[in-house]
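One letter stands for each residue in the lines below.
Number of protein chains: 2
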Amino acid sequence: MNQIKVIAFDADDTLWVNEPYFRETEDKFCDMMEDFLPHHSVARGLLETEIKNLALYGYGIKSMTLSMIEAAIQISDKTVGLEAIERIIQFGKEMLQKPIELLDGVEEVLQALQGKYRLVMATKGDLLDQERKLIKSGLVDYFHHIEIVSEKKEPNYQKLIQHLDIPPQEFLMIGNSLKSDIMPVLNLGGHAFHVPYHTTWAYEKVDHTIEHPNFQQLASIKEALQYL
Amino acid sequence: MNQIKVIAFDADDTLWVNEPYFRETEDKFCDMMEDFLPHHSVARGLLETEIKNLALYGYGIKSMTLSMIEAAIQISDKTVGLEAIERIIQFGKEMLQKPIELLDGVEEVLQALQGKYRLVMATKGDLLDQERKLIKSGLVDYFHHIEIVSEKKEPNYQKLIQHLDIPPQEFLMIGNSLKSDIMPVLNLGGHAFHVPYHTTWAYEKVDHTIEHPNFQQLASIKEALQYL
Chain A
1 MNQIKVIAFD
11 ADDTLWVNEP
21 YFRETEDKFC
31 DMMEDFLPHH
41 SVARGLLETE
51 IKNLALYGYG
61 IKSMTLSMIE
71 AAIQISDKTV
81 GLEAIERIIQ
91 FGKEMLQKPI
101 ELLDGVEEVL
111 QALQGKYRLV
121 MATKGDLLDQ
131 ERKLIKSGLV
141 DYFHHIEIVS
151 EKKEPNYQKL
161 IQHLDIPPQE
171 FLMIGNSLKS
181 DIMPVLNLGG
191 HAFHVPYHTT
201 WAYEKVDHTI
211 EHPNFQQLAS
221 IKEALQYL
Chain B
1 MNQIKVIAFD
11 ADDTLWVNEP
21 YFRETEDKFC
31 DMMEDFLPHH
41 SVARGLLETE
51 IKNLALYGYG
61 IKSMTLSMIE
71 AAIQISDKTV
81 GLEAIERIIQ
91 FGKEMLQKPI
101 ELLDGVEEVL
111 QALQGKYRLV
121 MATKGDLLDQ
131 ERKLIKSGLV
141 DYFHHIEIVS
151 EKKEPNYQKL
161 IQHLDIPPQE
171 FLMIGNSLKS
181 DIMPVLNLGG
191 HAFHVPYHTT
201 WAYEKVDHTI
211 EHPNFQQLAS
221 IKEALQYL
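These protein sequences, in sequence, are chains A and B. Each residue of the first sequence is one higher than the last, beginning at 1 in the working numbering. Each residue of the second sequence is one higher than the last, beginning at 1 in the working numbering.
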């Protein structure tokens with residue numbers, strides 16, 4: 001643990017609230033489409049459309065908006081009204097303008113760690129939207145480097161660690177997604193702290209638990225300070 | 001000129017064909033909407049919608065697709081059929097899957113300059129789409145660093161130049177957009193070569209000509225080799 005020189009933080013649902021806004025929008029979409037199918041079937045149809053489009057569209061609000069429009073047409077068998085399409089576009093615009101709500105303990109942890117470690121933010125998604133959220137968050141000055149990637153897989157972390165000019169064992173990632181924040185980093189020889197968040201997108205869910213000498217399960221981000 | 005250490009290339013319409021695909025899609029959209037308004041009025045309505053949404057959506061194909069859907073609803077006064085919405089989604093997906101067509105002389109220039117200068121690619125737009133185009137282009141190995149930004153304005157170039165750890169006068173930008181590639185770099189004290197491209201989006205057009213000691217107007221990218 002005392003080898004660590006750089007600490008990278010995931011942003012969405014690690015530093016600030018994100019996933020609940022997506023789920024709230026999904027709920028509004030499912031409510032709106034209940035004339036055609038029950039709520040849970042609409043949710044399933046939307047998830048299928050989103051996963052089908054993921055390779056082409058990537059993550060983020062614009063991708064979800066386009067997938068909602070496509071799913072609405074399909075679920076309604078081309079009978080949904082244009083008002084529904086307009087409302088979906090509005091859902092997307094509202095999400096893009098949400099305020100940033102920092103999670104409990106985040107500023108305290110960043111304050112305690114700054115100066116002792118190089119702090120990095122590493123997030124995936126839409127470039128403009130992530131930049132906007134970072135500015136709104138007021139956290140930008142804590143970070144030595146901001147990395148916004150299209151995917152958080154091993155090659156992306158490898159490039160980031162290379163770019164930081166450190167060996168993997170000096171790198172620690174803190175995040176809420178076992179799939180995107182923890183497993184790829186452990187596989188590369190880095191360290192990882194998992195801070196679970198109460199809401200996770202179905203596509204990011206991982207069933208198993210992790211046992212690894214470089215891994216630490218935390219109950220909250222504040223617990224990170226006990227190990228650093 | 002002999003101070004230059006890093007050469008940054010714009011990508012879209014400097015290294016490869018891009019804007020014609022957007023204009024081709026715009027034409028298809030205008031044709032489809034001609035039941036409601038003449039071609040040029042549809043084009044104007046779409047541009048207005050795109051510019052209105054630019055701060056929120058940013059650049060790129062998904063942004064254009066969402067703006068086409070919004071414009072179709074508005075232009076038709078909410079009477080357009082869902083088949084039109086479906087076609088627009090299809091237009092977007094087709095654009096995302098276009099092959100990459102390198103512009104004339106690009107590989108020759110990169111080959112001649114590699115090793116002598118640090119080469120960088122600096123482009124704006126959608127992260128995933130730009131990464132995909134770079135991979136398809138086969139040019140990735142020429143570049144020491146890839147920078148994909150949400151905007152190409154002075155602060156973005158300032159950050160890039162800082163990141164490259166050079167003074168601005170060692171930086172040269174080559175690109176087709178006076179607004180995004182040339183003017184911000186000259187303002188920062190860097191060098192810039194303009195390689196015009198036959199198709200420019202109305203929003204990127206600049207009327208005046210540039211006279212500046214660090215500026216060079218080229219007729220084609222191959223002419224860059226005469227100055228380097």
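The hints are simulated quantities; they were obtained by calculation from the structure and are not laboratory data. In this text the structure is predicted, and so the values were computed from the model without any measurement. Glycine included, every Cβ here is placed at the ideal spot set by N, Cα and C. There could be a bad hint or two in this list.
Derived coverage of chain A by chain B (criterion: at least 3 residues anywhere in the stretch with Cβ under 8 Å from a Cβ of chain B; other residues may be distant) [unchecked claim]:
no. : region
1   : 59 to 72
2   : 89 to 98
3   : 139 to 150
These are the hints, each one checked on the structure:
A count of 6 residues in the region 59 to 72 of chain A with a Cβ less than 8 Å from any Cβ of chain B is obtained; the coverage claim is therefore met, three being the minimum. For the region 89 to 98 of chain A, the assignment as covered by chain B holds, since 5 residues bring a beta-carbon within under 8 Å of that chain's beta-carbons and 3 suffice. Interface restraint, the region 139 to 150 of chain A with chain B: holds (3 residues with C-beta to C-beta distance below 8 Å; minimum three).
In this structure, none of the earlier numbered hints is contradicted; all agree with it.
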